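There are 2 protein chains.
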Amino acid sequence: MSVNQTPRPDCSHPADEHAFLTLTMIRNIRLDIEYDGTAYCGWQRQENGRSIQQVLEEAIAVITKSPVALHGSGRTDAGVHALNQTANFQTTVTAHMVAFHRGLNSILPRDIVIKRATEVGPEFHARYSAKSKTYRYVVLNRDTPAALERHCCWFIPQPLALADMRACLPQITGRRDFASFRSAGSSNINPVRTVFQAELDVVDGGRIIFTFTADGFLRHMIRNLVGTIVAVGRKKLTAEDFPAIFAGCDRALAGPRAPAQGLFLVEVHY
Amino acid sequence: MSVNQTPRPDCSHPADEHAFLTLTMIRNIRLDIEYDGTAYCGWQRQENGRSIQQVLEEAIAVITKSPVALHGSGRTDAGVHALNQTANFQTTVTAHMVAFHRGLNSILPRDIVIKRATEVGPEFHARYSAKSKTYRYVVLNRDTPAALERHCCWFIPQPLALADMRACLPQITGRRDFASFRSAGSSNINPVRTVFQAELDVVDGGRIIFTFTADGFLRHMIRNLVGTIVAVGRKKLTAEDFPAIFAGCDRALAGPRAPAQGLFLVEVHY
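Sequence order for the protein chains is V and X.
Reading the first sequence from the start, the letters are residues -1 to 268 in the working numbering.
Reading the second sequence from the start, the letters are residues -1 to 268 in the working numbering.
In short, the hints are calculated from the structure, not lab data.
Just so you know, not all the hints are guaranteed correct.
Where chains are identical, the list cannot tell them apart; a pair therefore holds if satisfied intra-copy or between any two copies.
Straight line, CA to CA, 25 Å or less: simulated SDA-like cross-link-like pairs of lysine to any residue [said to hold, decoys possible]: (1) K63 x P157; (2) K234 x R25; (3) K63 x A76; (4) K113 x L146; (5) K113 x V136; (6) K113 x I207; (7) K63 x D175; (8) K129 x T92; (9) K113 x G203; (10) K233 x G72; (11) K113 x C150; (12) K113 x Q156; (13) K233 x N139; (14) K234 x A161; (15) K113 x H149; (16) K113 x R148; (17) K113 x T36; (18) K233 x I207; (19) K233 x Q88; (20) K234 x M95; (21) K113 x N46; (22) K63 x E238; (23) K113 x G204; (24) K113 x P155; (25) K113 x L81; (26) K113 x R232; (27) K113 x D213; (28) K113 x N26.
Nothing here was measured: the structure is a model prediction, and the numbers come from that model.
Given only the sequences and the hints, what does the whole structure look like? Please build it.
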C-alpha cells in the first residue's frame, strides 16, 4: 500500500500522527454488484444516458466525499443485467467495510445492489485480474410473452428444434476465432477467445437457459452466438453451417443478434 | 346459450339472418392471465388507483366495442402478482378466439398478459366455479436485497430457523378456523377453510418458497400465515404456539403480515 508522506503541519503528537497516516493510506475496494439493466444505457459512462458506472461512482463519492474512478470487469450493454458484476476503486477513506457497504446500498437506487464490499490487495484490478467470465442467456419459448419476466428474457413464440440447437454447442467450445460473432466496429481487437463452457438447459415453463464461460468475450459475442443458435432452432440455419461461419470470419455469415434483455453477467472469475 | 330474438329490420334473406343470429349469441369467455402487480392497486376496480380488472375491461371493450364486466376468481391486493389468474366475461362478439387473444395482448400494457382465451360453457364462472387455489410466497433470505427480483420477494437479511418454520406447516393443513389469520374488517365471513397443501422449499441463492393450496383463502390469510411462520423462524414465536393461535380466533395472537410483493397467485383449480 502506498502512503502519502507529506507531514501534516498541525500534527503534534503520536496518536494524531497515526490517525493521519491511516487516513491517507490508499485502500483498494472490490465491489460485487447485482443490477437490473433495464433503466440504464449500460455499464459504461456515456454522454447521453444514465449508466450504472455513473450512478455507482456518484453514490461512492457521497460516502467518500471525493470523486472516484470505478473500474468494472467489462462493459455490459443497455438492458443487460448482472447477478455479479465486479468493480474496484481506490480511496483513502477509512470507513469500516460493513458500514461502507450498508451506507452505499442505502443511497443506491433499488435496481443496483452491492452484494459484497471487500478491501483487496493493491494488485487487484477488476478488469485486468479477471481470468474468465460466465454469462447466462434466457429464452422464453412459449405461446405468450411473460408479464413478470418481461425485462429478463427473449420471448420467442415459434417452435424451436432443441436437438439442432444443442448440436451447435460443441462447435463453440475451445480456442477459436470468433470474428464472425463480433459486432462491426471492434475489428481492431484479436478475435481469438477460449470458450470453456457452452451449455443449454430447458427448465419449467418453456425457459431455455444458455450458459457460456470464456476467458473473454468480444462485443455482442454472446448475443450473436445465441441469435445464431436460435436461427438453427428455427431452421433458418443448420448446426452443420457452424464450421463455415467460423472459417469465413465474417459477421454477415452468422445469425441475427439476440436482444439485450435476455443476457445476464453471472460471475467474473479471478 | 341465450339468443337475442328481436328480428333485424333489414334482414332480408336466410344467409343474413343466420349471420345476425350468430352475432347476437352470448358467448362466455375464460381468460387465464399473468400479471406483474407492482404498478396496480390490486385486481379489483377501485375509486383511487388503476386496477388490473379495470385495465382488462377497458382493453376488452376496445375489441368487443361494448362495455364488459369481467369476473375474476378473486381479488389480489396491490403489489401481488399472478402467474395464472382466471376471469370470465360474456360477449356477443363473434371474433375467432385466436384473433381475439392476439388482439387483446397487443393492446394490453406489457405487465398484463393473457396466456389463454377460451370459449367455455355458460355455467362457468371464474369465482363460483373455483374448487381451490394455489398461491406461492417467496422470501429472499440473504445478506443483501435483490436488484432483479426486488418487486417479487420479501427480503429478510436476518437468519431464519428453517426447521422451526417447517414444524409449523403440518399445523396449517386440514379443515380449520383461520380467524386468527384474517384481516380485521372481514369478520362477517365464515373463517373455516381447508388447506390441502402447505409446503416450504429452499432453492438456490437463499430463496424460501412457500406453496399453499386451499379451497379458499380469507383476506390476507397467506400473508398473515407467512408472517407468523417467519416470526417462528426469527424466534419471536415457536411452532408450539400455533395451536393456541388457532384456538384463540384472534388476529392479535398471530405474527405480522408479510408484504404483498412476495405473493403470487399460481393457479385456480376448477
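Output the indices of the hints that this structure fails to meet, ascending.
Hints 1, 2, 3, 7, 8, 10, 19, 20, 21, 22 not satisfied by this model.
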